[in-house]
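So the chains spell out like this:
There are 2 protein chains.
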Amino acid sequence: MTHIFNFSAGPAVLPKEVLAQAAAEMLDWHGSGMSVMEMSHRGPEFISIYQAAERDLRELLAVPDNYKILFMQGGGLSQNALIPLNLLGHKPDGATIDFIHTGSWSEKSIKEARKYANVNIAASSTTAVPPQAEWQLTPGAAYLHMCTNETIGGVEYQPDFNDLRLQDVTLVADMSSHILSREIDVAKYGVIFAGAQKNIGPAGVTIVIIREDLLGKALPVCPSAFDFKLVADNESMYNTPPTYGIYIAGLVFQWLKRQGGVAEMSRRAQAKADLLYAALDGSDFYETRVAPSNRSRMNVPFYLKDESRNEAFLAGAKARGLLQLKGHKSVGGMRASIYNAMPIEGVQALVAYLNEFAGQHK
Amino acid sequence: MTHIFNFSAGPAVLPKEVLAQAAAEMLDWHGSGMSVMEMSHRGPEFISIYQAAERDLRELLAVPDNYKILFMQGGGLSQNALIPLNLLGHKPDGATIDFIHTGSWSEKSIKEARKYANVNIAASSTTAVPPQAEWQLTPGAAYLHMCTNETIGGVEYQPDFNDLRLQDVTLVADMSSHILSREIDVAKYGVIFAGAQKNIGPAGVTIVIIREDLLGKALPVCPSAFDFKLVADNESMYNTPPTYGIYIAGLVFQWLKRQGGVAEMSRRAQAKADLLYAALDGSDFYETRVAPSNRSRMNVPFYLKDESRNEAFLAGAKARGLLQLKGHKSVGGMRASIYNAMPIEGVQALVAYLNEFAGQHK
Numbered sequence: 001m002t003h004i005f006n007f008s009a010g011p012a013v014l015p016k017e018v019l020a021q022a023a024a025e026m027l028d029w030h031g032s033g034m035s036v037m038e039m040s041h042r043g044p045e046f047i048s049i050y051q052a053a054e055r056d057l058r059e060l061l062a063v064p065d066n067y068k069i070l071f072m073q074g075g076g077l078s079q080n081a082l083i084p085l086n087l088l089g090h091k092p093d094g095a096t097i098d099f100i101h102t103g104s105w106s107e108k109s110i111k112e113a114r115k116y117a118n119v120n121i122a123a124s125s126t127t128a129v130p131p132q133a134e135w136q137l138t139p140g141a142a143y144l145h146m147c148t149n150e151t152i153g154g155v156e157y158q159p160d161f162n163d164l165r166l167q168d169v170t171l172v173a174d175m176s177s178h179i180l181s182r183e184i185d186v187a188k189y190g191v192i193f194a195g196a197q198k199n200i201g202p203a204g205v206t207i208v209i210i211r212e213d214l215l216g217k218a219l220p221v222c223p224s225a226f227d228f229k230l231v232a233d234n235e236s237m238y239n240t241p242p243t244y245g246i247y248i249a250g251l252v253f254q255w256l257k258r259q260g261g262v263a264e265m266s267r268r269a270q271a272k273a274d275l276l277y278a279a280l281d282g283s284d285f286y287e288t289r290v291a292p293s294n295r296s297r298m299n300v301p302f303y304l305k306d307e308s309r310n311e312a313f314l315a316g317a318k319a320r321g322l323l324q325l326k327g328h329k330s331v332g333g334m335r336a337s338i339y340n341a342m343p344i345e346g347v348q349a350l351v352a353y354l355n356e357f358a359g360q361h362k
Numbered sequence: 001m002t003h004i005f006n007f008s009a010g011p012a013v014l015p016k017e018v019l020a021q022a023a024a025e026m027l028d029w030h031g032s033g034m035s036v037m038e039m040s041h042r043g044p045e046f047i048s049i050y051q052a053a054e055r056d057l058r059e060l061l062a063v064p065d066n067y068k069i070l071f072m073q074g075g076g077l078s079q080n081a082l083i084p085l086n087l088l089g090h091k092p093d094g095a096t097i098d099f100i101h102t103g104s105w106s107e108k109s110i111k112e113a114r115k116y117a118n119v120n121i122a123a124s125s126t127t128a129v130p131p132q133a134e135w136q137l138t139p140g141a142a143y144l145h146m147c148t149n150e151t152i153g154g155v156e157y158q159p160d161f162n163d164l165r166l167q168d169v170t171l172v173a174d175m176s177s178h179i180l181s182r183e184i185d186v187a188k189y190g191v192i193f194a195g196a197q198k199n200i201g202p203a204g205v206t207i208v209i210i211r212e213d214l215l216g217k218a219l220p221v222c223p224s225a226f227d228f229k230l231v232a233d234n235e236s237m238y239n240t241p242p243t244y245g246i247y248i249a250g251l252v253f254q255w256l257k258r259q260g261g262v263a264e265m266s267r268r269a270q271a272k273a274d275l276l277y278a279a280l281d282g283s284d285f286y287e288t289r290v291a292p293s294n295r296s297r298m299n300v301p302f303y304l305k306d307e308s309r310n311e312a313f314l315a316g317a318k319a320r321g322l323l324q325l326k327g328h329k330s331v332g333g334m335r336a337s338i339y340n341a342m343p344i345e346g347v348q349a350l351v352a353y354l355n356e357f358a359g360q361h362k
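Chains as they are written, first to last, in full-length UniProt numbering: chain F, 1 to 362; chain G, 1 to 362.
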């Protein structure tokens, strides 16, 4: 096998142990004679897989009993519409949604929300999370939406964000690209959502964690397949769920538990990010553009000061098996995504290459 | 490995060759060092997988150039909302959708459509497709929706349905449970959709085949992630598609081509269905309830005349490795789903058991 480290922003690297188990079980899951892909979602085999995945995720994130966990389809992006479609049904016309704008994913959410409600951008910055004291919130807003880790720009709300004090505000958080990389206080949030293809599993599964009192408030035009209450009441089986993706997510959850859970993932994320940012900060060959206090521990965008060397940098990286380091087309430069499944050896190899390339081109 | 035949209605049996290839490639696709699950959807590796899948499906169904093929999320059920959300934007208030009601899936589609438009049930029967001469169509209806194979009730429009003559009617067909089992004249339809988990691949992928002039007619409240025009314009990558499911679907398409394509699948479907219905008709121990002229070649519901023997029948079947024969809870009885990936040996084993069980309980 070609030995590589895959820095893709998503779909992204998965634990090798998980892939090996999936390969071994592909034709015959636990002596059933069936692949997980071939199982009825209503049969006892798949139900056991589903229930274990739900239970393990609940344990990993310490999700309180008054929250439902939904396994949906459509991706994180679809939630930009599905959240208003599910939360605004009880509001009179003219509901307002507050947003904290911190980058490309906030921007997409804002644009989509305008279809369903008034939008107020309570604060905006793409290089740091605006201080809470500066947020201009709307009294009586339907909810406050934030993207707690911007995958493209690399701005992350820091772990102590759990100390945020917001009274009478329903907080909706897009945690797609850093869920399960740090401990969170779920009770602070009304809704947490995440596309799976960064820290959870394959693309095609979307996790929604929702406080029960927020169910049953869908607009009449909300498609039934995406009605949170119907999905919750049917344990994510109102229609056929993405069974194989849920199975892989479940294997990832088991792997996370074996590693020591989210606390251990947070420790590793800090160590990996410290190593990488130290290398970038320690060289005048590279630069980063996010305020140090809000640098993402998952997605590390960086730039060569001499961007004419970008192609040479990427070619040299690829030759060393360091893949998918090109930055998002909207911002250019480079980006290293270092999710839970990225071993520290991958970051060490990248740091060695950063130093080597800088040394060669001084 | 336990040797079984899996008669599940979906998710359902897949070709063993496909599963074996997926297992072999799980940790390293074509020397890339990556699992398909780990690939960026925008990278050259996955793009090549996507393009091959699209091309092969287009070839298998002879999809004309003026049709787009979309690989979406949400399942066939979600299309009951997404079709009106995408087709009614150019209609003044008060659009009407015509339906042919032939069973449970038509019923679900009708219920959902009422959220978005007036509904006219042009004809209704759950044991046969109503003759076209009896359809009461609405002049100027937005479109006519039909489910061409009812997975639960087992009513199927017959292959010669391609001879249907409908002038100035946009035909929308839910082909979830028999797509790729017979040749179709795509040009007769405005939209064809199908959840993947019966004849295509794993749950979590939905195929939409749409005539280009029907794009761009979405209602303002249609979520962007499910806007057919945005999906079409971005080659199913407006947001991250269900990459692994598309890969498996692509392997199934390659398998279908190796077998001889849809014409050969249709021949086999007829042979399998003839064998099974002959056994059911030939015994006074069992009964079927669909008019012979509209019996599904994919989903064969049947009943023991003495239903007190249902549990014994299922237990005996399971002991012989004949799995998932219990009928849908809404209709009871038994159901054998015999999709493309079910070998004739599976049907032969079922027929042998039908005869054996009937003989034992006379």
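Keep in mind the hints are simulated off the structure, nothing from the lab. Among the hints, erroneous ones may be present.
DSSO-like cross-link-like pairs, simulated, lysine-lysine; straight-line CA separation at most 27 Å [as the list claims (entries may be wrong)]:
id, chain 1, residue 1, chain 2, residue 2
1, G, K329, F, K229
2, F, K111, G, K108
3, F, K115, G, K329
4, F, K111, F, K329
5, G, K108, F, K229
6, G, K111, F, K108
7, G, K111, G, K318
8, G, K108, F, K108
9, F, K111, F, K91
10, G, K229, F, K329
11, G, K229, F, K115
12, G, K16, G, K318
Hints versus structure:
no.: 1; hint: G/K329 to F/K229; in the structure: holds (22 Å)
no.: 2; hint: F/K111 to G/K108; in the structure: violated (32 Å)
no.: 3; hint: F/K115 to G/K329; in the structure: violated (39 Å)
no.: 4; hint: F/K111 to F/K329; in the structure: holds (19 Å)
no.: 5; hint: G/K108 to F/K229; in the structure: holds (18 Å)
no.: 6; hint: G/K111 to F/K108; in the structure: violated (32 Å)
no.: 7; hint: G/K111 to G/K318; in the structure: violated (36 Å)
no.: 8; hint: G/K108 to F/K108; in the structure: violated (32 Å)
no.: 9; hint: F/K111 to F/K91; in the structure: holds (20 Å)
no.: 10; hint: G/K229 to F/K329; in the structure: holds (22 Å)
no.: 11; hint: G/K229 to F/K115; in the structure: holds (17 Å)
no.: 12; hint: G/K16 to G/K318; in the structure: holds (20 Å)
Comparing the model with each earlier hint shows violations of hints 2, 3, 6, 7 and 8; every other hint is respected.
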